[in-house]
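*Asks:* As a plain string of letters, each chain reads:
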Amino acid sequence: MTAIQTVRLDRSWWGRHGGTATVWSLRALLVVALLVVWELTAERWFDITFTSKPSDIWTRLVQWHQDGTLWSNTWITVQEVVYGFLLGAAAGALTGFVLASARAFYQVLDPFIMALYAIPKVALAPLFIVWFGIGMSMKVLLAAATVFFLVFLNVAAGVREVDRGLIDAVRLMGGGRRDILVKVVVPSSMTGLLTGLKVAIPYALIGAVIGELVASNRGLGYLINDAAAQFDTAGVFATLVVLSVIAALLNLVVGLLDRRASRWKPLGEER
Amino acid sequence: MSDTVTSETVIEVSGLGKQFVKDAVGIVALRDFDLTIAQGSFVTVLGRSGCGKSTMLNLLAGLTTPTSGTVSYRGRPVAGPRTEVGYLTQSDTLMPWRSVHKNVELPLEIAGVPAQRRTEHAAELIGKVGLEGFERHYPRELSGGMRRRVSLARMLAGDPETLLMDEPFGALDAQLRGELQAELLRLWADGGQTVVFVTHDIEEALLLGDRVVVLGPVGRIVLDRPIDLPRPRDADELRIDPEFVALHRELTAALREGAR
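Taken in order, these protein sequences are the chains called U and E. Using UniProt numbering, read the first sequence as starting at 1 and increasing by one per residue. Using UniProt numbering, read the second sequence as starting at 1 and increasing by one per residue.
Don't take each hint at face value.
[Said to hold, decoys possible] Okay, derived cross-link-like pairs now, SDA-like style, lysine to any residue, Cα gap no bigger than 25 Å in a straight line:
(1) E/102 to U/108
(2) E/102 to U/257
(3) E/128 to U/174
(4) U/198 to E/256
(5) E/22 to U/107
(6) E/102 to U/164
(7) E/22 to U/167
(8) E/22 to U/162
(9) E/102 to U/165
(10) E/22 to U/257
(11) E/102 to U/106
(12) E/22 to U/165
(13) E/102 to U/103
(14) E/22 to U/103
(15) E/102 to E/129
(16) E/102 to U/194
(17) E/22 to U/161
(18) U/198 to E/186
(19) E/22 to U/108
Hints are computed from structural coordinates only; laboratory data are not their basis.
Bound-form chain E, shown alone:
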């Protein structure tokens, strides 16, 4: 990919604010938030819980409307969800009455893809996330990690060019999380999507991102820096890499400062 393409802006956020109304008070979740995401980049957003990360992603995805400010996608203001953007939420939103295969097919069904192509494409994606043989299972018959894989496959079925991910592996055990992180990186390397990945885990942020944005309360940006650790990154080797250790320290300090 040439430089001119990679530096193109996909998402531009300026002066974004979001308030929720509860009784007579407005709860500010996000205030004066600015962010620019370049095409093909992997941006991790790091912040403690309650700092407005999820609110920000919901706004980027177009699920909710901002109280103030604008989000634009490729220069056009975002008015609602769009199929170019895939969003993997924190909780599972698989349809419990649909089998794995039917769940993965859903975005294609809505897009009006003919049944034959739908079946093939879904089968391919299920293979990609390593769930062959589970096509006919229902979500409740799967483990948490497998359900995450199904969600991932379903998101990819819509063939999005931008992925928004909200602590997608937060509820999994360390080993499974490592596997899925590696899988995500592999998919990203193949597909070249733009990724905005929200997490509260410093190590995950460093392992995955090209760039880390650290958020303080109500979405104040405490730190925004590129991560030049060479790829492919291996979690075990990275942990003893002096550069990684220095970055880890820097981010820990930033998180602590943000909390103040």
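Bound-form chain U, shown alone:
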């Protein structure tokens, strides 16, 4: 049997990174082009009361940066996202793991869980306001409720789809229930957990911002509501810019999780 052979290749910087560099420069070009067209056409073809324009948005961002509005509100939203995500993910992973291990119990609960999952989480907002007021905890819980189900369902699926052959293999080695749990069920449900965490990250942001839009006096969602109420479209767009930056950063985290999870995946699941 021969080992896999590798050959050293001498490739220039352009050869290795040229493709990526081209894609990124095209992306930057697209953004710049869009901004320029927007700026130039804004007053001529569109009413800036409705569409605003990039320079106004920039001025608003600078102004909010100087008076601290931007950072205090962003900080509130980020906190809600992080706490909501952690709370929902921890609860979801734990419940998913425990419930899926008790097969019969899960079967009984399954339709109820699916029904709860299907409720649009915005619909819970009024109830949460009654329970927790309009402070931060209501947004944290709204984000957590969304994250919970995504993580829970993925972990439960991971636990229930454990390969029977692997469990038998451990039994043949003389392993007991504890060994099966630690050596097979937990690691094999890790893919489910990581998938759950991955899809849940953007939903934490959605949950928090929706909570703020429904009722709040702080946070980026509040900032949007407040600006829109005053017909300050530049303010609305400025907040949207901040939100998309946060979303992009969260996606970066997702990408890292993805890479971490993929090393031992079965061959067929590779991209």
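Starting from the structure of chain U, add chain E where the hints point.
*Replies:* Structure of chain E alone, referenced to chain U:
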């Protein structure tokens, strides 16, 4: 080894039956099956697919419980899997999240062997099956043949005295299969284990076994005969050996009869 030891019975099966329930019908996989396996022997079980070979091995391994009859191992009834028995299944059951080394170590981990000894023993076994340099690879990074070798090493790590093998080399190409067969025979000659080897390949059954048991449907024994071909057996020379050719014909006839 003296005669008294070699003739000792390791596995004794009597009146074994297994039914699977599907909707309102019971599917009979095995009926009234009797078999005795002597210590140190290499028994090949030959049968077409669907004749209950795998069901039988699962029962021998203690993974499933019989509907009727008993399996006893060294005189004691089998109630569950035991570490003295190694089982190499048809499909790979390596943990995909563990490297080759970690996979081979697993039985030792479960047995509670200290880390230092575990590492040494696993490294030795990986060498034995010819996979040095692949310790840190993950199963998905290996070819099918290499994964089989890892499975073999993992089974041997538990240091079983009896090996159950379910068409272990069935999915490999002819050349690789030949290599692994030779390797298995070498390991068996060194270790003196008792082997029950299930296959649907007549040549493989003759090349490996001291004794061939031919199964018909639901585990009816069509033929049970010793194979006295001299060892070491070489696949290429064996194919033109008149005795081998006669045995091959006999087994082919038995398989055909069993199918009827």
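*Asks:* For the pair supplied as a hint, residue 102 of chain E and residue 164 of chain U, is the alpha-carbon distance within the 25 Å limit?
*Replies:* holds, 20 Å
*Asks:* Are the Cα atoms of residue 128 of chain E and residue 174 of chain U separated by 25 Å or less?
*Replies:* Measuring from Cα to Cα gives roughly 23 Å; hence the hint holds.
*Asks:* Tell me if the straight-line CA distance from residue 198 of chain U to residue 256 of chain E falls inside 25 Å.
*Replies:* violated, 56 Å
*Asks:* Has the given pair, residue 102 of chain E with residue 165 of chain U, been kept, meaning a C-alpha gap of at most 25 Å?
*Replies:* At roughly 18 Å apart (the allowed maximum being 25 Å), residue 165 of chain U and residue 102 of chain E satisfy the hint.
*Asks:* Mind checking the alpha carbons of residue 102 of chain E and residue 106 of chain U for me, to see if they're no more than 25 Å apart?
*Replies:* Given that 25 Å is the threshold and the Cα spacing comes to 33 Å, the pair is violated.
*Asks:* Mind checking the alpha carbons of residue 102 of chain E and residue 129 of chain E for me, to see if they're no more than 25 Å apart?
*Replies:* Holds, at roughly 15 Å.
*Asks:* When you check the alpha-carbon spacing of residue 102 of chain E and residue 194 of chain U, does it fall within 25 Å?
*Replies:* holds, 22 Å
*Asks:* Would you mind confirming whether the straight-line C-alpha gap from residue 102 of chain E to residue 257 of chain U stays at or under 25 Å?
*Replies:* holds, 23 Å
*Asks:* Is residue 22 of chain E within 25 Å of residue 162 of chain U, Cα to Cα?
*Replies:* Given pair residue 22 of chain E, residue 162 of chain U holds - Cα atoms ~22 Å apart, limit 25 Å.
*Asks:* Would the pair residue 22 of chain E and residue 257 of chain U pass a check requiring their Cα atoms to be no farther apart than 25 Å?
*Replies:* violated, 42 Å
*Asks:* Keeping to a limit of 25 Å between CA atoms, is the pair of residue 22 of chain E and residue 161 of chain U held or broken?
*Replies:* This hinted pair holds, its Cα atoms lying about 21 Å apart.
*Asks:* For the pair supplied as a hint, residue 22 of chain E and residue 103 of chain U, confirm whether the alpha-carbon distance does not exceed 25 Å.
*Replies:* Holds, at about 20 Å.
The structure does not agree with the numbered hints 1, 4, 10, 11, 13, 18 stated previously, though it agrees with the rest.
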